[in-house]
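Participant: Listed below, chain by chain, are the residues.
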Amino acid sequence: MSLTRSQAILLLLGLLVLSLLQACDRGPQRVSRSRLLMGTVVEITAFGDQQKVLETAVSEAFEAMERVDGLMSANRPDSDVSRLNAASGAFEVTAETADVLALGQHVAVVSGGAFDMTLGRLKKLWGIEDANPRIPSAADMSAALVGIGPQALKIEGLRIRKQTPTLQVDLGGIAKGFAIDQAIEVLRRFGVTHASVNAGGDIRLLGDHQGRPWRIGIQHPRNPQALLATLELDQVAVVTSGDYERFFERDGVRYHHLFDPHTGRPAALCQSVTVVAASATEADALATAAFVLGPEAGLRFIEAWPQAEALLVAADGSLVLSAGLKDRVRWP
Amino acid sequence: MAVTAVLRRMTWLDRVIVMALLLVTGGSFAMITGTPRGARVVVQQQGRVVFSAPLNVDRTVTLSGPLGETLLEIRDGHACIISSPCPHKVCIGMGQIARKGELLACVPNDLLVSIEGQQQKEPSHDLLSR
Numbered sequence: 013m014s015l016t017r018s019q020a021i022l023l024l025l026g027l028l029v030l031s032l033l034q035a036c037d038r039g040p041q042r043v044s045r046s047r048l049l050m051g052t053v054v055e056i057t058a059f060g061d062q063q064k065v066l067e068t069a070v071s072e073a074f075e076a077m078e079r080v081d082g083l084m085s086a087n088r089p090d091s092d093v094s095r096l097n098a099a100s101g102a103f104e105v106t107a108e109t110a111d112v113l114a115l116g117q118h119v120a121v122v123s124g125g126a127f128d129m130t131l132g133r134l135k136k137l138w139g140i141e142d143a144n145p146r147i148p149s150a151a152d153m154s155a156a157l158v159g160i161g162p163q164a165l166k167i168e169g170l171r172i173r174k175q176t177p178t179l180q181v182d183l184g185g186i187a188k189g190f191a192i193d194q195a196i197e198v199l200r201r202f203g204v205t206h207a208s209v210n211a212g213g214d215i216r217l218l219g220d221h222q223g224r225p226w227r228i229g230i231q232h233p234r235n236p237q238a239l240l241a242t243l244e245l246d247q248v249a250v251v252t253s254g255d256y257e258r259f260f261e262r263d264g265v266r267y268h269h270l271f272d273p274h275t276g277r278p279a280a281l282c283q284s285v286t287v288v289a290a291s292a293t294e295a296d297a298l299a300t301a302a303f304v305l306g307p308e309a310g311l312r313f314i315e316a317w318p319q320a321e322a323l324l325v326a327a328d329g330s331l332v333l334s335a336g337l338k339d340r341v342r343w344p
Numbered sequence: 004m005a006v007t008a009v010l011r012r013m014t015w016l017d018r019v020i021v022m023a024l025l026l027v028t029g030g031s032f033a034m035i036t037g038t039p040r041g042a043r044v045v046v047q048q049q050g051r052v053v054f055s056a057p058l059n060v061d062r063t064v065t066l067s068g069p070l071g072e073t074l075l076e077i078r079d080g081h082a083c084i085i086s087s088p089c090p091h092k093v094c095i096g097m098g099q100i101a102r103k104g105e106l107l108a109c110v111p112n113d114l115l116v117s118i119e120g121q122q123q124k125e126p127s128h129d130l131l132s133r
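Protein chains in written order, with the numbering used here: chain A, 13 to 344; chain B, 4 to 133.
Hints listed in this document are in silico derivations from the structure and should not be mistaken for laboratory results.
We put the beta carbon where it would ideally sit given N, CA and C, even for glycine.
With a Cα cut of at most 25 Å, we get these calculated DMTMM-like pairs of lysine to aspartate or glutamate:
id: 1; chain 1: B; residue 1: K103; chain 2: A; residue 2: E244
id: 2; chain 1: A; residue 1: K136; chain 2: A; residue 2: E261
id: 3; chain 1: A; residue 1: K136; chain 2: A; residue 2: D152
id: 4; chain 1: B; residue 1: K103; chain 2: B; residue 2: E76
id: 5; chain 1: B; residue 1: K103; chain 2: A; residue 2: D61
id: 6; chain 1: B; residue 1: K103; chain 2: A; residue 2: E67
id: 7; chain 1: A; residue 1: K166; chain 2: A; residue 2: D81
id: 8; chain 1: A; residue 1: K64; chain 2: B; residue 2: E119
id: 9; chain 1: B; residue 1: K92; chain 2: A; residue 2: E141
id: 10; chain 1: B; residue 1: K92; chain 2: A; residue 2: D263
id: 11; chain 1: B; residue 1: K92; chain 2: A; residue 2: E261
id: 12; chain 1: A; residue 1: K166; chain 2: A; residue 2: D111
id: 13; chain 1: B; residue 1: K103; chain 2: A; residue 2: D246
id: 14; chain 1: B; residue 1: K92; chain 2: A; residue 2: D142
id: 15; chain 1: A; residue 1: K338; chain 2: A; residue 2: E315
id: 16; chain 1: B; residue 1: K92; chain 2: A; residue 2: D81
id: 17; chain 1: A; residue 1: K136; chain 2: A; residue 2: D90
id: 18; chain 1: A; residue 1: K135; chain 2: A; residue 2: D90
Label pairs and their in silico Cβ distance ranges:
id: 19; chain 1: B; residue 1: V53; chain 2: A; residue 2: R42; range: 18 to 26 Å
id: 20; chain 1: A; residue 1: T16; chain 2: B; residue 2: L26; range: 17 to 25 Å
id: 21; chain 1: B; residue 1: V53; chain 2: A; residue 2: Q63; range: 20 to 28 Å
With the hints as constraints, model all of the structure from the sequences given.
Facilitator: Put into structure tokens, the structure is as follows:
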């Protein structure tokens, strides 16, 4: 069949119109919502074809995070953590809290106690989160460290037993990561395959960013307006722990919220640690542990953990990077 | 007139092509110039928008929260918190924001400041880990 000149031109025009319509198509829908949760800004972004499904998925993901906060916040009197802290004998917690405690204890053991969920008394003593933070006396710090450590909690399924009745559990170094993972699970249940959950800079990514890796800027620890690096990632969690997040200064010395359980004082070997891991729960705990261990031991610790990578900034500002990140990092 | 003469000489197919090209050109122009240029500052409290203003108009805004008054400054296309009753001033330390999706928050004073509107160019990163 042969086309006349007129038919050929009309066909070409039709194709032009079709391609223009294609270009005007808005493509996948994007829903992005922010809320204040767990003491920080949580932003959930989800991509998909159906706006309504995305709206519902994001809303339920926030509810899942609120539930985790209700179970694991030490500031809520009815939470698992508050009731465990008040208990003198064995106490039964929910499955979610038991899972977090079990993973946290594993990280605590493997890190040689650098990660510690039993620093509740020490943290209260310093009051970094309070209106009037203070530097405790050496005697008070020593007293607050008695009975802490990986062996301080005995976990048997849902039953948790504190080895010392006065022990105070604080899940600040892991609960936020777990809440992020729970939000991601909700999004998955709704069929969402491309999304991000960002809780104050602790992030988990679902899929890629519409056909390319997500570009995750890493905050420079000494310049709030600058990026240290950009990581190109997908389908992972990325969490940064830094001495610039919550701190106070006294006589020119910075006292921050990441404590070394061996000394009772803020860990001094790093400015920041960024960990990339399969889940945000792991990344959250690993970042705290590596920060306390310092750049050399912290790097060894992260490289020994399955599917984990790290970018560590030492106290002098020098950088170390795990082997698996070298091809995914971009410097400014 | 020359235009009339040209129109007379045009076949129906010529006219269809000219019309199509005009539509394509007009559509492309509308797509380019229709992009909103002015980003806005939006302040939320307990999930409700309590203040909104264009980012390109300088001003200082007093926002009330449970702890007292927070001062938000919009200047030279950037927004930042310059005064806050919160204990650690983390919100002030967060610096300036200007790009769509960026956030400032004062958790103790229950204020969430965000930038909305169209970005001028592709940002260097999608999310910030800190």
